[in-house]
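Chemist: Taken in sequence, the protein lines are chains U and D. Per the numbering used here, residue 366 is the first one in the first sequence, and the count goes up by one each step. Per the numbering used here, residue -6 is the first one in the second sequence, and the count goes up by one each step.
Please keep in mind that the hints were generated in silico from the structure rather than gathered at the bench. In this text the structure is predicted, and so the values were computed from the model without any measurement. Accuracy of the hints is not assured; some may be wrong.
[As the list claims (entries may be wrong)] So, partial list: chain U residues that the calculated Cβ filter (under 10 angstroms) puts toward chain D:
no.: 1; residue: Ser540
no.: 2; residue: Ala558
no.: 3; residue: Asn562
no.: 4; residue: Val563
no.: 5; residue: Leu565
Backbone N, C-alpha and C define an ideal beta-carbon position, used for all residues, glycine too.
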Amino acid sequence: MRRAAWGLMAIALLGIPFIAGNYYINFTSQIFIAAIFAASLNLLVGYGGLPSLGHASYLGVAAYLSAWMYLKLGMAHWMTAPIAIAATTMMAGLFGLIALRATGLGFLMLTLALSQVLWGTAYRWVSVTEGDNGLRGMTRPAPFGINLEDPTAFYFFALAIAVLAIWLMARFVGSPFGATLRGTRDQARRMSALGHNVWLIRWITFVYAGFWGAISGLLFVYYHKYIHPASLSLTTSAEALIGVIAGGSGTLAGPLIGAAIVMVLKNYVSSYIERWNMLLGFVFVGIVIFMPDGLVPGVRRLWARWKARRP
Amino acid sequence: MTATTAALSIVALKKSFGGLPATNDVSIEVLPGERRLIIGPNGAGKTTLFNLITGDLKADGGEIRLFGQDVSRLPPHRRAHCGLARTYQIITLFPSDSLEHNIALSLLGLSPLRWSAFRPLGRHAHLYDEARGVLKRVGLDRLAGRSISEVSYGEKRRVEIAMALAQKPRLLLLDEPLAGLSREERMSVTELIAAIPRETTVIMIEHDMDAALGFAEQITVLHYGSVIVEGTRAEVVADPKTREVYLGDS
């Protein structure tokens, strides 16, 4: 059942560029980026029990840094990409030192505060960020001579990185380290009594989540060729968090499905209904009422019940 | 000065909550291999003392040494690496995980494998083999794959002890291991505790005097955060102060 579902999805994802038009190809590329972003947030929220409202920081800073170095310093893509990722990951290390002074609500507020500082900076530091105009004129790189300006080429590029990212994150949560991370979520005190350094486990996860957030930010700025302070806003963080929770936090597939739902509502429904945020709210409330732990665990439970009923 | 280093040496330990002393100038020395019982009425500060030893609580003053090493300023996980393990009065397990996974988390606590973040946990077969071995020691190997939420209260108590034993601790703190158990379950857990090898020093808090007195070689009586009587079983039981505060004056 599970293997069949993954197989079908693989065929569908590989086939889309050959049957669908550019609109859908571009749209699906955006879902891949959102999926990496949501999956990285899920490491903290779902597996670490650390609800963050500041994950946009890593997406936004990686995007801004690479665009700024490319546009203002005239650096090449092959240099800006690793520098942006490394700098953003280091920033995650620093933010982790601050945010992990607390857990629960305190952690949520600290992550929110830190990302709001960045958002405000992006708006006000006009000489660097161009403020509300955003940074325009970014281009897509051409790794190994493949021109990513072509929608299909970008699609497969984003797909490859998404598959790699999600596979590595799946290995991370399935490893002994991942088991200890879930342990700190469920019984932090017991974990330290057993010899586990709870703080360090959380900090490493925080940095790792920041790293994948930076990767999604890089793809984001390559896709849009533009970056605006809105990408650092609370809305960006909250949309991802809603996707994670609606899909099922602490599951592998949940955030991917949740992110896809948010993207569909945002891009598709918003052309018919202006207040798409309202609809997103209704959909979220609907899911949480009927499936409190998210779509993936909810559907799994329904499936188990359905299978139990017919021998 | 004794020739051997004490397993646990506490000197002038203090802790108060909002001005109320919970641990009031406590000094205790426990020798390696010893079986020590700590008794005292409710609110005497027994569990607080355990929490200070493990580092869950920070002491206001005094010194704690484990096998000669001053651990007063070490966080709880570092003390675990010094050979300290504990059980909780209120069962503290990972309820949605299997029994063997609970034990595996305990084994990982002292293993460098805990930092491995790529190879799936399930492929580390030796970890689960060892976990099942520990469960066999406490008679729960047939339930190894069951989730904690599916087993009885008495079985959970035994998992608590198994989690501590898995680490082969040098000093084991048992906080009311018999609390809430039926008569038969008490007997089996008492046997389990009696079978702990002498390499492990054991300090136990317990209210069930029948079972506890059989176990204890040395007894410490706490009252309002202070040690009021200490000595061998016979000495402590005979002491009028013990009768006054604990056994009930008649």
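Chemist: Against each hint, give a clear statement of whether it holds in the structure.
Modeler: We went through each hint and held it up to the structure:
1. Checking Ser540/U against chain D by beta carbon gives a least distance of about 5 angstroms; that is within 10 angstroms, so the hint holds.
2. The closest approach between the C-beta of Ala558/U and any C-beta of chain D is roughly 6 angstroms, which is under the 10 angstroms cut-off, so the hint is satisfied.
3. Taken as an interface hint, Asn562/U checks out: its beta carbon lies about 5 angstroms from the nearest beta carbon of chain D, inside 10 angstroms.
4. Restraint check, Val563/U versus chain D: the minimum CB separation of about 7 angstroms is within 10 angstroms; hint holds.
5. Hint status for Leu565/U relative to chain D: holds, with the closest Cβ pair at about 9 angstroms, below 10 angstroms.
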